[in-house]
Amino acid sequence: MSSRSITIALALVLMFAICTPARPNTLSSINNSALRQYTEQELERGAPSMGTTSRILYREALQLLERGEWETARERLLLAAELSGDYADPLFTLARVELMHAHPDFLIYLVDGINRLARNYRSQSLIALNTMFLLVVSALGALLVILVTLLMKYWPLIDHKLREGYRKKAAFPPASWIGLLIIIGFLFMRLGIALYSVILVIALWPLATRKEKGVVATLVILVAAISFASGYINILVPAIDPGSITGRLALISERGADERTIKRIREINDPAFYAEKEFVLGTSMYRLNYLEEARRHFLTAVSKRKDFAPAYLNLGNVYFKQGDYDKAIAGYQSVIALDSTNALAHFNIGQTYIKKMLFAESSSMLKRANTLGIEKYRESHPAVTIRGLTIYEAELSTRELWSIAYREGRAHPARIFSEVLQPYLLFPFHRLWILLAVTMVMAAVVGKRIPKSWRAFRCDNCSMAACPECASSETGLHLCKSCASTIDGLTSVKVMEALLRHRRQKMSTKTGTRSAWRFIIFPGAPCIGHGKTTTGMVVALLNVGALMLLICNGFYFKDPQVIVLSTPLWKYIVPPVFMLLSWVLSARARVQSESRNYRILPAEMHIDRQGSKQAGGGNEAEKKSEQLEALLNSL
Amino acid sequence: MALEGNVKDFGLSEIFQLISLQKKSGMLSVTGEKPIVVFFKNGSVISTRDRRDRSRDPLKDYLLRYGFIDSDEMKRIERIQTETNLDLTDILLSEKYFSEDELKTIFTEQIQETVQDVLSWPRSYYKFIIGTQVLRGITHYAAMQVEGLLMESMRRIDEFAELQRIFPSEKMVLKRQAMPKSKPPRLESHEEFIYDLLEQVMTLEKLISHARMPRFCTYEALKNLLEKELLQIIDEPKPIEWEESTTVSEAKKQRKRRFLPTVAAVFLLIACFAAGEYGVPYVLPPGWSARFAKAGQVEATGTGNLFSADLQELRLRQLEATVEESLEAYLAIKGSYPFTLESLAVREFIDKGTIARIHQNDIRYRIDENGTSYMLIRNRTR
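Note that the protein sequences, when read in sequence, are chains Y and C.
Under this note's numbering, the first residue of the first sequence is numbered 137, with each subsequent residue one higher.
Under this note's numbering, the first residue of the second sequence is numbered 885, with each subsequent residue one higher.
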């Protein structure tokens, strides 16, 4: 066998092994004739991407998957992914299908899907908006949970002080009712989460530990920061508002030109967006082949905005179609003058040079277009390949849409978060930062200035509530009334120690049993109650977020353009898993064992007693105890 | 091996003597009028306190019965004992109720009286468990020789009958006589203590409960005082009736302290409710109107304002966009728009809830004759 035949054989093997079979025309893969016809009409109307067709195919693929016909479903999913450059769902489902069949391609589809989400203005803003909202709700929810938990933790102290103050003045209602009556009174007033949080922060600040203050302050700062920035959050709203200027202008990147779309664009009467409106109208006319009208719109657009590169490019396209190649090149050159990395302009110039028989220049321009990423444009605009266009048109880029959304959002005073949260906060969210700032200042002042006689503290022995009025400090410890009465009249240190220890154990068992039930109220609460404040905060945040996802069946703000097909499985699985996790973390929270001395009473008392006991022994015993005391002090 | 039997067959005094002679250690439990235990160590009686049954501690009964410690104090000691697990004697010593010598005397007297009681029982059943193991944890302050213990017990049993004849009832009232100035009789320490106690007229029962000595000793001292003409027995006193001292004015004051705060509390709650119902919505109107106003009351701001200033308007727009998207999908598949929106729900382009929301918001759907165009009508034709 000659070397030539071996080479041919090898080449054939490699061809069969590596090369994929050529796919037929994508549209011919659509079985439904009505759908095919609709897609063709959309292409004729200049749609850059067949979103509706893609969604229908995706829906069919899901139905096929439900029936178990995964291979046909896979074909449908691929087709759906090919027809739309920015619809990510088919790719994610493909990734899942491939993963379930242990095919390594799942990773490619997954990455591709994420890419589509990341480069699309609508999904970018939708994800950002929902993430911010989830963060706000989680932070507010966690703050409320933590404050309620702290209230529960410090309620004995507050209640004790209330009782002590009230008991002297009246006999009925019983002093034990007063705290409850105050809470009922506040609940009756229905002040809303914002004011309740404020009241709780101020009331609990003097009692909270440094760690607890840190956690509360963190959440308050987080909420305040988002509240302060709520004006900027408006720039995310056009993604969910089909009536917004940005939403309307973005239609040009999503569908073909039709009367309905043109009418909606024409309704825009804000002079700030006149150039963009003219550009979109021009593009629509260009797609419908009304070239003269399109030229007029583009010229108006560039006259309003001198740096409007897409308008120059599409104007060049109009001239190209009209056969005026020099003007077309001039238009494209204007684009390159504004943005030298514009692949479309280079590509279109290359095509124009071909028309002018300037092949060398054309080749150089096309190479440059290739380097600048014309392939990426083709990938995200499948219609370009299907229609076999000679020159490519520009749309409003993601950056351009963000800029429009920014201008539109900043110009309007209405705040989306304020409107959504107001029924629960009963306070404008965009002003909440002021309220929270004032609250923190007030809390700090109250914490510092509160008189000592108003303060309640925990008994040094049993950790029950005590206050300067009722506590006893005869033994050198701040003992509550009960502990003091336990050792009242006793002289033996041994007996006092034993009695105090017994009471401490009894109270510790009692409070331990009570706190074990705290996690039933809300995950995160027991962690806070047991001093693991950071864990508590994370668990509470996690749980509120998961709860929110579960209640809203995914994100709160939905994309109105997505037809509800079925709820993806992750929406049922992920939030409950997170909730379960937070419950498990909460249930595992245990009281941190305190390293409390076995000896409760101060050392001096022990030495004194020993000394007095040995008093009969004479001066030697006294000397010994003094020496021991001196030794202890020196240590 | 245990030694056990009936007192009728073999007297307890003999058993005591036997244990003493043999210098045995162990526990003798006697069940008669009540269960009693006597601990022996090398033939000597060391304790009669059963550590297994704290509720029937003979030492505690002894201390209470003869006024060493009053009932309130004893309750406190019992509580301490329960909470600290300390022995009664430990608490008494640590809290300095008695010195060690005093406790030793009390302990001895208590053992003496218990043994005296046990020996006086006509019927009883005894069981002696030999071994030092049973003595573990026994706190003792005295080791009494059995011989002396028995002799003294027998003497007391014999003499107590005569004493009871002189003092037949414990309800009888005793009064001391003045000490003759010319030739005062010599009094023993017990007698002197009893004489001092009788400074006030009291019943025998009360005297015993304050005498801080065994019953027999009190009787004996009284007998001696009687013989020395320092004591007089008189009639039983009438009980004093105590009147309720609560005055009417105090009750009124108490009622007033209850009434006013109750009214104030109820008034405050009503005020809070009223504030929540009327005041807070006035102060915080936006949230309240959004939360509590009926759907119809929140009017759409109109499509003229392109940015959704009102959430209700935004939701309506979203609803319309969803319907439009579904209609477009229907058109793509069927080639024409549906005659009614319900067809979208049937084809599962939108759920029934969305259709219900469309009707709820009074959005009407109109289609042309060919089914190639449609209108969604809200406040104005779109």
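These are computed hints drawn from the structure, not numbers from a lab.
Bear in mind that the values here come from a model prediction, so they are computed numbers and not experimental data.
Glycine included, every Cβ here is placed at the ideal spot set by N, Cα and C.
One or more of the hints may lead you astray.
What the hints assert, rightly or not - 25 angstroms max Cα-Cα, derived DSS-like pairs, lysine-lysine:
| id | chain 1 | residue 1 | chain 2 | residue 2 |
| --- | --- | --- | --- | --- |
| 1 | Y | 642 | C | 1059 |
| 2 | Y | 617 | Y | 630 |
| 3 | C | 918 | Y | 694 |
| 4 | C | 1065 | C | 1011 |
| 5 | Y | 457 | Y | 442 |
| 6 | C | 944 | C | 959 |
| 7 | C | 1107 | Y | 630 |
| 8 | Y | 630 | C | 1059 |
| 9 | Y | 297 | Y | 584 |
| 10 | C | 925 | C | 988 |
| 11 | Y | 297 | Y | 347 |
| 12 | Y | 491 | Y | 503 |
| 13 | C | 1112 | C | 1055 |
| 14 | Y | 630 | C | 988 |
| 15 | C | 925 | C | 908 |
| 16 | C | 980 | Y | 630 |
| 17 | C | 959 | Y | 617 |
| 18 | Y | 399 | Y | 463 |
| 19 | C | 908 | C | 892 |
| 20 | C | 980 | C | 1059 |
| 21 | C | 1065 | C | 1090 |
To be verified - Computed footprint of chain C on chain Y; a stretch qualifies when at least three of its residues, placed anywhere within it, have a C-beta under 8 angstroms from a C-beta of chain C:
| id | region |
| --- | --- |
| 22 | 346 to 352 |
| 23 | 375 to 383 |
| 24 | 469 to 478 |
| 25 | 555 to 567 |
| 26 | 584 to 594 |
Quiz item: Can you name, in rising order, the numbers of the hints this structure does not satisfy?
Solution: When the structure is compared with the hints, numbers 1, 3, 4, 7, 8, 18, 20, 21, 22, 24, 26 turn out to be violated.
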